[in-house]
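S.K.: As a plain string of letters, each chain reads:
There are 2 protein chains.
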Amino acid sequence: MLIKIICGQMEVIPGRPDLNYQKISTLIRQAKIKQADILLLPEMCLPGYLIGDLWEQQTFLDDCSYYANQIAAQSQDICIIFGSVATEVGKINEDGRIRKYNAAYICQNGTMLPGYLGRNFIIKNALPNYREFDDARYFHSLQKLCAEENTALANVLQPVAITLKGQQLNLGIMLCEDGWTDNYQYNIPSILANKGAALLCNLSCSPYSLGKNKKRYRLFASQSQQAGIPLIYCNNIGIQNNGKNIFTYDGSSCVYAATGKPAAALPMFAEDMLEFTWDTETGAINTADLPIAPQQETAIIYHTLRYGTQQFLKQCGIKKMTIGLSGGIDSAVTATMYTDILGPENVLLLNLPSSYNSEATKNIAYHLAQKLRTNYAIMPITESCRHTEQQLTATPITNFSDNTIYNLQLSNLQRENIQARDRGARLIAAAAAAFGGAFSCNSNKSEIAIGYATFYGDICGALAMIGDLWKHQVYALGRYLNEEVFKDEIIPNEIFTIRPSAELSAEQTVGVGGDPLVYNYHDYLFKAFLERWHKITPADILRWYKNNSLASELGCTDQIIKEAFPDALTFIADLERWWKLFSGFAVAKRIQAPPILSLSKRSFGYDHREAQLTPYFSREYYQLKEELLN
Amino acid sequence: MLIKIICGQMEVIPGRPDLNYQKISTLIRQAKIKQADILLLPEMCLPGYLIGDLWEQQTFLDDCSYYANQIAAQSQDICIIFGSVATEVGKINEDGRIRKYNAAYICQNGTMLPGYLGRNFIIKNALPNYREFDDARYFHSLQKLCAEENTALANVLQPVAITLKGQQLNLGIMLCEDGWTDNYQYNIPSILANKGAALLCNLSCSPYSLGKNKKRYRLFASQSQQAGIPLIYCNNIGIQNNGKNIFTYDGSSCVYAATGKPAAALPMFAEDMLEFTWDTETGAINTADLPIAPQQETAIIYHTLRYGTQQFLKQCGIKKMTIGLSGGIDSAVTATMYTDILGPENVLLLNLPSSYNSEATKNIAYHLAQKLRTNYAIMPITESCRHTEQQLTATPITNFSDNTIYNLQLSNLQRENIQARDRGARLIAAAAAAFGGAFSCNSNKSEIAIGYATFYGDICGALAMIGDLWKHQVYALGRYLNEEVFKDEIIPNEIFTIRPSAELSAEQTVGVGGDPLVYNYHDYLFKAFLERWHKITPADILRWYKNNSLASELGCTDQIIKEAFPDALTFIADLERWWKLFSGFAVAKRIQAPPILSLSKRSFGYDHREAQLTPYFSREYYQLKEELLN
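Chains E and X, in that order, give the protein sequences.
Each residue of the first sequence is one higher than the last, beginning at 1 in our numbering.
Each residue of the second sequence is one higher than the last, beginning at 1 in our numbering.
Don't take every hint at face value.
No distinction is drawn between identical chains; accordingly, a pair holds when it is met within one copy or between any pair of copies.
SDA-like, lysine to any residue: derived pairs with alpha carbons at most 25 Å apart [unchecked claim]:
| id | residue 1 | residue 2 |
| --- | --- | --- |
| 1 | K91 | A154 |
| 2 | K371 | L342 |
| 3 | K601 | H534 |
| 4 | K589 | Y217 |
Rather than coming from a laboratory, the hints here were simulated on the basis of the structure.
One chain only, chain E, in its complex shape:
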């Protein structure tokens, strides 16, 4: 028997069951026109997934139930499988709130089919609680329900039987993490296959991270191969966020043949339907589509940032963007991306020079704006900063304890921060409002890691678009924009060769001095602190340094370490300086930082949760330090 299946890679709008229901209804109509037997939709496609504590609103949950029933009512001539929240009257979660399951509904003949334990839905068991996920905060797992009902999970887990064209078909339905079996007690796809599933379906709402698709293909290919049956992976597109991080959802829905070979896949970030037929006798998958070709990393970064930013601006209703343009690589890449996304007429670039800005960077800014054909203005900050310094140092301060009067003094660092805030909070924020829109945070991940930014100066704005890119990735994206997107030297070549500098003092001016970071080393050091599954601390770094394995462990060159640090003393001083900032004051800055568009395996924000603490060096660290210095 030939079964026609459509996998609906839809855009899900988090927190809007009303809008998602409209989209789903359209998909159902289209699938019926195409005479599909089964329409498969993603996990949580009615409520969205990353919606924070909106899960605590009864009226919101009621609407999700209402629309779920409306979907079931449309399943007269088609089997509809979709994910949503399921609630249960009279039961509570362990926090005393309404009982909620991350559930999949299988609907046919206008009704919901029986699922697990007498419910009309099946229940997700593997609830992720790492990175951006908080599933245990909201959902009751199948395992907990089984314990309550005194039954074994292995007895409950089973394929759902549907009848199509008079024949019974056993579908092994899973929800997202249920298929990521590595570290969980139960291997759900294998249990379902052993219990006679003829087809595995994974309904996902899975955020994109660099490299994730490779892992997905490997994982699901191996599942279908081991089970010897086809597998469909259905994922949504769109963006969802948890406040501090914006996540993109790439879709990349895919059907795997019983051999494990991907038979067809949908492109990233596109709303589309994956259509194919499944021969229930042979298990063969027949499709016209082909897997998409793998892309080079910087191309994926470009497309993900572009899509994520575009969607974020749309959701927030931001149509125009103002960007402070220093002449450095970060603001140049940000400005070029926004021009690409919004069009030059909707971008205002502001160059805000003080007396410390070099002709080189001022010229770069001017030429970039001209090349991009955006709106552009030069607003010097010299007069305003002079006025601020004057006001701060000349205003008499009265000490009302003894009625003495004195003045404040400003250090050089304080004068630098005055400039940064004069740019960001005084001019850019106001100009952005007057231009009609928001302004951009141009901070990159290397700066955010150690708080090399000024509070209310440059770590502010609506979105840190490149906040999850290390400095070397920002350079690569800049080159990609010139070579592949604009196919022109939009970003002046000079920018790739000058030593980056904040230009906040005479010593920092480009051509004189630059940033205190050796990016070809520090990017990789900070990446080890943040991105490794087992987090790296200074003790690990010193151990590797002592063993001469540091460069290979970090992924940088030996040469850069040797050049930057002539001896252990300078190496250790540098390590302590940045570790103290990374785990100290930079945390305070990140707490008040704009949302970051997440892209990597671990981004700053809610993805990497942090408390403001005093920096900690472990016992092993002190031992290694003593050995190395003696």
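With chain E's structure known, arrange chain X on it following the hints.
M.R.: What follows is chain X alone, placed relative to chain E:
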């Protein structure tokens, strides 16, 4: 037999096992001098609890294990019971990271006694995942371990047997949430009592919220009474944070007699030892201490804010505070609190008038500073704002698409925000640095709820000390400071009677116009949106409005609602205006807001997790609206 027990209500410093170990060693020495038989210490007293993803660092976990063994080594002449993290080599959590348990160690004769399932510790089962808690992110529960090892939890849970003076004693050891049994499947104290525990011990690391002690006393009293055995509740003091929220830990350790009567309790926020004897034959508790008297709410608010702020400043190394002093109640209360905490010599109050500030508020600011005897200065913003407006509107903007030139225009709202940022980012931030310290965020909870604040203007600073107080609570605290703390009219009486206003335009000047909020109604409306266990939305509000139960449901007066809203049309317009802000743009502001000192049952920040979404009105809302308007 008489057993002498000491419950050590210690300050725990999160993320610093080295310092906590020193403190514990001191307590052990003192307990030995006092010839205690048992020393009971809090949950997670080595690592701290709210330390974010520090739990992912192997070197940190190694140090915790090392110090735990060092504590056990000191148990030669005493039984030491303490909480810490336990790791297990060769096992992983469901996220693939190192296996971690929230554990209690029971140590005697220099070693750790057997706990559960062959381990030398007992394991917490009830892992909270609500409000600020993320236990499932880090810890493996006893229930999951039992499932792995194919055994029933009820078989594993049992009292720990220790031998004292030749006699075996069964201690029922629980970790914090294990005792908060309301909504969990297993009632752990009751299981332990049924299995022969002669004494229940609850080791906690439990943050303080208003009203929590009442609930604690009720809960633990009922447990000891039902079991008919004494119960010791041992909690730490100090502060811990998760970035967006600072939580205080009040201690309030307490011993309950077998009748359920609290026999003795330690005061809030004080490091102390609770000493008593336990007669193992009769179960009697003998102690010299008495329970502390319950305090009035504003007194508790004052003490909690004072303690939490003091500890936060100490942890961050902040010794001086600068506060923008508008002459309104929020900054007046904040300034008075900081003067109380740091002393007047360490406080700089800045009055930053524009032409819109009334003589009334300027005088209040001056008199308050004089009364407090702090440092004080007046720094007008008129000239700087004029310069900014001039620069923004007169600087030519070039459109590089067509090479036309034009100017930006400023709206009234934009001119208001320029003033707010001129104060916060240009002057206060710089003056605070020059004065040598940080500056304060004076926002209250009512403003934070709907984002009635300017980005990088007034919703900035090191800490939102009163960010978890509704406006009416700020007034109450102001009166308390005058009447009970300073016993003088420090905050001028006038401030309590004038209508609050932002004074950013001629229309808003005090005496002319004021805030758009009717605090006696909106405080209670926003509280319902945020603080109820089952969150309230506009549909609930309209239902109550229609049923005439709104005032009693919210806790405000009928009169205020009737006065503010003559009809359903104005009522609904107001509701929609604030709901859209509450669930819309205010979320964006909170994402970048300073840390809030948490005090209530639900504070903005990590305690109430939010995504930036488009505001949602439910189906029921639209139905009710239509009914009310027709």
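S.K.: Against which earlier hints does the structure fall short, listed by number upward?
M.R.: 4
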